[in-house]
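Chemist: Here's the letter readout for the chains.
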Amino acid sequence: ETGVTQTPRHLVMGMTNKKSLKCEQHLGHNAMYWYKQSAKKPLELMFVYNFKEQTENNSVPSRFSPECPNSSHLFLHLHTLQPEDSALYLCASSQEGTGAEQFFGPGTRLTVL
Amino acid sequence: AQKVTQAQTEISVVEKEDVTLDCVYETRDTTYYLFWYKQPPSGELVFLIRRNSFDEQNEISGRYSWNFQKSTSSFNFTITASQVVDSAVYFCALSEEAYGLTGANSKLTFGKGITLSVRP
Numbered sequence: 001e002t003g004v005t006q007t008p009r010h011l012v013m014g015m016t017n018k019k020s021l022k023c024e025q026h027l028g029h030n031a032m033y034w035y036k037q038s039a040k041k042p043l044e045l046m047f048v049y050n051f052k053e054q055t056e057n058n059s060v061p062s063r064f065s066p067e068c069p070n071s072s073h074l075f076l077h078l079h080t081l082q083p084e085d086s087a088l089y090l091c092a093s094s095q096e097g098t099g100a101e102q103f104f105g106p107g108t109r110l111t112v113l
Numbered sequence: 001a002q003k004v005t006q007a008q009t010e011i012s013v014v015e016k017e018d019v020t021l022d023c024v025y026e027t028r029d030t031t032y033y034l035f036w037y038k039q040p041p042s043g044e045l046v047f048l049i050r051r052n053s054f055d056e057q058n059e060i061s062g063r064y065s066w067n068f069q070k071s072t073s074s075f076n077f078t079i080t081a082s083q084v085v086d087s088a089v090y091f092c093a094l095s096e097e098a099y100g101l102t103g104a105n106s107k108l109t110f111g112k113g114i115t116l117s118v119r120p
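Residue numbers (this note's numbering), protein chains in the order written: chain A, 1 to 113; chain B, 1 to 120.
In case anyone wonders, no lab produced these hints; they're calculated from the structure.
Accuracy of the hints is not assured; some may be wrong.
Claimed, not checked - Calculated pairs, PhoX-like style, for lysine-lysine (alpha carbon to alpha carbon, straight line, at most 25 Å):
id, chain 1, residue 1, chain 2, residue 2
1, B, K16, B, K70
2, B, K3, B, K112
3, A, K36, A, K22
4, B, K38, B, K3
5, A, K41, A, K22
6, A, K52, A, K22
7, B, K16, B, K38
8, A, K36, B, K3
9, A, K22, B, K38
10, A, K40, B, K3
11, A, K36, A, K18
12, A, K41, B, K16
13, B, K70, B, K3
14, B, K112, A, K40
15, A, K52, A, K36
16, A, K36, B, K16
17, A, K41, A, K52
18, A, K52, A, K19
19, B, K70, B, K38
20, B, K70, B, K112
21, A, K41, B, K112
22, A, K52, A, K18
23, B, K38, A, K41
24, A, K36, B, K70
25, B, K38, A, K40
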């Protein structure tokens with residue numbers, strides 16, 4: 001595997017389900033990110049992890065819970081979601097430091113029924 | 001607060017035409033970075049270019065060129081002789097300095113994106 005991978009690529013869940021999105025980067029980076037991309041809206045930064053420590057939580061509702069066990073893996077745990085949470089969730093990684101370009105995964109297309 | 005404006009939402013051109021995608025940004029930082037990303041139908045954002053605020057030289061990479069002008073806070077992207085494979089959504093982004101206990105990282109603010117359609 002190369003670059004940034006995300007699983008699953010597509011996910012359909014009910015509002016009472018619990019699911020998790022997984023991201024793995026094979027680039028030796030120390031920073032990882034979760035973004036949400038909704039239709040007709042800019043990409044929204046959700047969380048930032050730097051060396052496994054969360055450095056940014058962009059006012060994300062608690063029904064989204066990130067986990068970063070090591071610098072290569074990032075999870076997004078989902079619980080009691082709403083239909084408006086349906087979106088493309090993108091993971092990215094970068095070297096630490098400002099101005100570092102971020103490398104993105106293919107995303108998980110989430111549909112909440 | 002940082003802001004990136006991509007006023008154009010959709011552009012349609014015929015193959016071999018030149019096309020310019022506009023990007024205007026707002027920031028109070030004196031040191032910042034600007035990016036362009038391409039998102040093809042597959043969904044994965046592809047990094048195209050990074051420019052720091054102290055380097056106003058224009059850049060050319062094959063059919064792609066970028067014009068950075070601090071005086072107008074713009075970072076425009078031109079595709080010369082467009083091809084069908086250039087059809088995608090193009091995002092301009094601005095990096096803000098962000099520091100945590102473990103160091104600095106890159107916090108990007110994206111524009112809404114421009115959907116480019118290149119017709120054969």
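Chemist: All the hints need checking, so say for each whether the structure fits it.
Modeler: Status of each hint after checking the structure:
Restraint check for K16 (chain B) and K70 (chain B): not satisfied, since their Cα atoms lie roughly 30 Å apart, outside the 25 Å limit. As the CA atoms of K3 (chain B) and K112 (chain B) are separated by approximately 11 Å, the hinted pair is consistent with the 25 Å bound. Restraint check for K36 (chain A) and K22 (chain A): the C-alpha separation of about 14 Å stays at or below 25 Å, so the hint holds. For a cut-off of 25 Å, the pair hint linking K38 (chain B) to K3 (chain B) stands: about 19 Å separates their Cα positions.
This hinted pair checks out: K41 (chain A) and K22 (chain A) have alpha carbons roughly 23 Å apart, not beyond 25 Å. With a C-alpha separation of about 15 Å, the suggested pairing of K52 (chain A) with K22 (chain A) holds against the 25 Å cut-off. Of the pairs offered as hints, the one joining K16 (chain B) and K38 (chain B) holds, with about 19 Å between alpha carbons and a cut-off of 25 Å not exceeded. Distance check on the hinted pair: K36 (chain A) and K3 (chain B) sit about 17 Å apart at the alpha-carbon level, within 25 Å; holds.
Among the hinted pairs, K22 (chain A) with K38 (chain B) is consistent with the structure: their alpha-carbon atoms are about 23 Å apart, no more than 25 Å. Among the hinted pairs, K40 (chain A) with K3 (chain B) is consistent with the structure: their alpha-carbon atoms are about 16 Å apart, no more than 25 Å. Our distance criterion of 25 Å between C-alpha atoms is met by K36 (chain A) and K18 (chain A), whose separation comes to about 18 Å. Distance restraint check for K41 (chain A) and K16 (chain B): the Cα-Cα separation of roughly 30 Å exceeds the 25 Å cut-off, and the hinted pair is therefore not satisfied.
Between K70 (chain B) and K3 (chain B) the CA atoms are separated by roughly 15 Å; this keeps the pair inside 25 Å, and the hint holds. Distance check on the hinted pair: K112 (chain B) and K40 (chain A) sit about 7 Å apart at the alpha-carbon level, within 25 Å; holds. In summary, the hint linking K52 (chain A) to K36 (chain A) is supported, as the alpha carbons are separated by about 20 Å, within the 25 Å threshold. The suggested pairing of K36 (chain A) with K16 (chain B) is violated, with an alpha-carbon distance near 34 Å, which exceeds 25 Å.
The suggested pairing of K41 (chain A) with K52 (chain A) is violated, with an alpha-carbon distance near 28 Å, which exceeds 25 Å. As the CA atoms of K52 (chain A) and K19 (chain A) are separated by approximately 21 Å, the hinted pair is consistent with the 25 Å bound. At most 25 Å may separate the alpha-carbon atoms for a hinted pair to count; K70 (chain B) and K38 (chain B) meet this at roughly 23 Å. Taking the CA atoms of K70 (chain B) and K112 (chain B), the gap is near 21 Å; set against the 25 Å cutoff, the hint holds.
Among the hinted pairs, K41 (chain A) with K112 (chain B) is consistent with the structure: their alpha-carbon atoms are about 6 Å apart, no more than 25 Å. For the hint linking K52 (chain A) to K18 (chain A), the alpha-carbon distance of about 23 Å falls within 25 Å, and the restraint holds. For the suggested pair K38 (chain B) and K41 (chain A), the alpha carbons sit about 16 Å apart, so the restraint of at most 25 Å is met. For the hint linking K36 (chain A) to K70 (chain B), the alpha-carbon distance of about 29 Å lies beyond 25 Å, and the restraint is violated.
Restraint check: the Cα-Cα separation between K38 (chain B) and K40 (chain A) comes to about 16 Å, which is no more than 25 Å; the hinted pair holds.
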